[in-house]
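There are 2 protein chains.
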Amino acid sequence: MKIMNYPRNSRNTIKRVPKRGHYDRETIFAILDAGFLAHVGIEVDGQPFVIPTAYGRDGDTIYLHGATTSRLIQQGQSGIRMCITVTHLDGIVLARSAFHHSMNYRSAVLFGTASLVPDEKKEAALLIISEQILKGRWAESRLPNAKELKATSVLAFQIEEASAKIRTGGPADEPEDYALPIWAGVLPIQQGYGEPVPDDVLTAGIPVPESVKRVKVKGEG
Amino acid sequence: MKIMNYPRNSRNTIKRVPKRGHYDRETIFAILDAGFLAHVGIEVDGQPFVIPTAYGRDGDTIYLHGATTSRLIQQGQSGIRMCITVTHLDGIVLARSAFHHSMNYRSAVLFGTASLVPDEKKEAALLIISEQILKGRWAESRLPNAKELKATSVLAFQIEEASAKIRTGGPADEPEDYALPIWAGVLPIQQGYGEPVPDDVLTAGIPVPESVKRVKVKGEG
Numbered sequence: 235m236k237i238m239n240y241p242r243n244s245r246n247t248i249k250r251v252p253k254r255g256h257y258d259r260e261t262i263f264a265i266l267d268a269g270f271l272a273h274v275g276i277e278v279d280g281q282p283f284v285i286p287t288a289y290g291r292d293g294d295t296i297y298l299h300g301a302t303t304s305r306l307i308q309q310g311q312s313g314i315r316m317c318i319t320v321t322h323l324d325g326i327v328l329a330r331s332a333f334h335h336s337m338n339y340r341s342a343v344l345f346g347t348a349s350l351v352p353d354e355k356k357e358a359a360l361l362i363i364s365e366q367i368l369k370g371r372w373a374e375s376r377l378p379n380a381k382e383l384k385a386t387s388v389l390a391f392q393i394e395e396a397s398a399k400i401r402t403g404g405p406a407d408e409p410e411d412y413a414l415p416i417w418a419g420v421l422p423i424q425q426g427y428g429e430p431v432p433d434d435v436l437t438a439g440i441p442v443p444e445s446v447k448r449v450k451v452k453g454e455g
Numbered sequence: 235m236k237i238m239n240y241p242r243n244s245r246n247t248i249k250r251v252p253k254r255g256h257y258d259r260e261t262i263f264a265i266l267d268a269g270f271l272a273h274v275g276i277e278v279d280g281q282p283f284v285i286p287t288a289y290g291r292d293g294d295t296i297y298l299h300g301a302t303t304s305r306l307i308q309q310g311q312s313g314i315r316m317c318i319t320v321t322h323l324d325g326i327v328l329a330r331s332a333f334h335h336s337m338n339y340r341s342a343v344l345f346g347t348a349s350l351v352p353d354e355k356k357e358a359a360l361l362i363i364s365e366q367i368l369k370g371r372w373a374e375s376r377l378p379n380a381k382e383l384k385a386t387s388v389l390a391f392q393i394e395e396a397s398a399k400i401r402t403g404g405p406a407d408e409p410e411d412y413a414l415p416i417w418a419g420v421l422p423i424q425q426g427y428g429e430p431v432p433d434d435v436l437t438a439g440i441p442v443p444e445s446v447k448r449v450k451v452k453g454e455g
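Residue numbers (our numbering), protein chains in the order written: chain A, 235 to 455; chain B, 235 to 455.
These aren't lab readings, by the way, just hints derived from the structure by calculation.
It is possible that part of the hints are untrue.
Said to hold, decoys possible - Calculated pairs, EDC-like style, for lysine to aspartate or glutamate (alpha carbon to alpha carbon, straight line, at most 20 Å): (1) B:K450 / A:E429; (2) B:K381 / A:E429; (3) A:K253 / A:D407; (4) B:K384 / A:E429; (5) A:K381 / B:D407; (6) A:K384 / B:D411; (7) A:K384 / B:E408; (8) B:K384 / B:D353; (9) B:K355 / B:E408; (10) A:K384 / B:D324; (11) A:K447 / B:D324.
Sequences are here, hints too, so could you generate the full structure?
Written as structure tokens, this is what we have:
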């Protein structure tokens, strides 16, 4: 179902291997919702900056938070053009030829501008970021007080244009190379959670919370 | 040992939590050498682009490759300012308070410009990228022919300024929050390799190569 496509233009159209390009919200949102770390691009005084930061998505809005004094918050609220990229690396594709080596990946590239979330909506936006990182954790935590909310700013970035690029599957070699005695295939790359590590000074008897129990820990099968 | 620092200025100095900032090559190179996926920032016609791509490091040079016609190759060789960011996410830090939640991570942010690698040095640069992705694979592969080399371009990005930012360890809560009955600690995030998946049409009897055997597969203990 390819519904609700983002508009296409020279900025967001995938030119290299066009079949890997996607412009529909369903595909792009699935990539965004599978992660919580974005790389955000802004330009300041002729120098691009690429800043790794957590995010939360609500519809076409991406929320980014930070200290009120941080570069991203200061610059982003001025309405400058931004680019937000989220990438999941799924594997190294080993072809018989060096040339046809590749990666399996899912990436989403978003273009737009941001504005500062007003004070009365800040806590709701922070909740969205928190839920994206670890669902249910917000409700387990001591919620922010007025001073803490004041120290934090949130940007609301509106997705104006976007594209996704996805590669899956095995290698594609030149016809004459298939006869070579060279191993070919995919070396999968997996990201997951390790066993939770309690704080050194955790009060005895406090169990691992539901938010943590809900995520799959590696090796649990 | 804090030797060979990159110069510091307003662009690369870590202002938020300065103790997490590092400017020495040893620390920055260790972060770069632990990965092979970078997010590269360039600005074109007033719009920043953040492009995920593989890289290889040789000293202060970062090699990036791509189709000769790609935006990154085309723009990068013109000498525009670039930013290359490499991020490793190590864990979600769960504090008792929502405000003190954090991430454990290692990131390196590099500023500089790039130039096109001349034809006679292209294969050596591609080898460096290949070795960064999977050591030893290049020597196992059918090497690039003249046509393949021509279709690929390589940028040599020179690190002019750089910084690393690292957070490790458990949560740091407000003194009065330690008495709360809320679990706190770190949920580690781990990236690793899955079992290699042979190409569907792999000739029978070709064993998994040394390059793949050398990397640790998850669950092997």
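For K381 (chain A) and D407 (chain B), compute the direct alpha-carbon distance and say whether it is at most 20 Å.
holds, 15 Å
Check the hint pairing K450 (chain B) with E429 (chain A) against an upper bound of 20 Å on the C-alpha distance.
With a Cα-Cα distance of about 19 Å, the restraint between K450 (chain B) and E429 (chain A) holds, given a limit of 20 Å.
Next pair to validate is K384 (chain A) with D324 (chain B); report whether the Cα-Cα distance is within 20 Å.
violated, 28 Å
Please work out if K355 (chain B) and E408 (chain B) have their alpha carbons no farther apart than 20 Å.
Not OK: K355 (chain B) and E408 (chain B) at ~56 Å, beyond 20 Å, violated.
Quick one, are K381 (chain B) and E429 (chain A) close enough, alpha carbons at most 20 Å?
Given that 20 Å is the threshold and the Cα spacing comes to 49 Å, the pair is violated.
Distance restraint between K384 (chain B) and D353 (chain B), which requires alpha-carbon spacing of 20 Å or less
Cα-Cα ~8 Å, so holds.
Straight-line Cα separation of K384 (chain A) and D411 (chain B) no greater than 20 Å?
holds, 19 Å
Would you mind confirming whether the straight-line C-alpha gap from K253 (chain A) to D407 (chain A) stays at or under 20 Å?
This hinted pair holds, its Cα atoms lying about 17 Å apart.
Given hint D324 (chain B) paired with K447 (chain A) - CA-CA distance at most 20 Å
holds, 18 Å
Given the hinted pair K384 (chain B) and E429 (chain A), is their Cα-Cα distance within 20 Å?
Not satisfied, since the Cα-Cα distance of roughly 48 Å exceeds 20 Å.
Hint check: K384 (chain A) vs E408 (chain B), CA-CA at most 20 Å. Holds or violated?
holds, 16 Å
Hints 2, 4, 9 and 10 from the earlier list are contradicted by this structure; the remaining hints agree with it.
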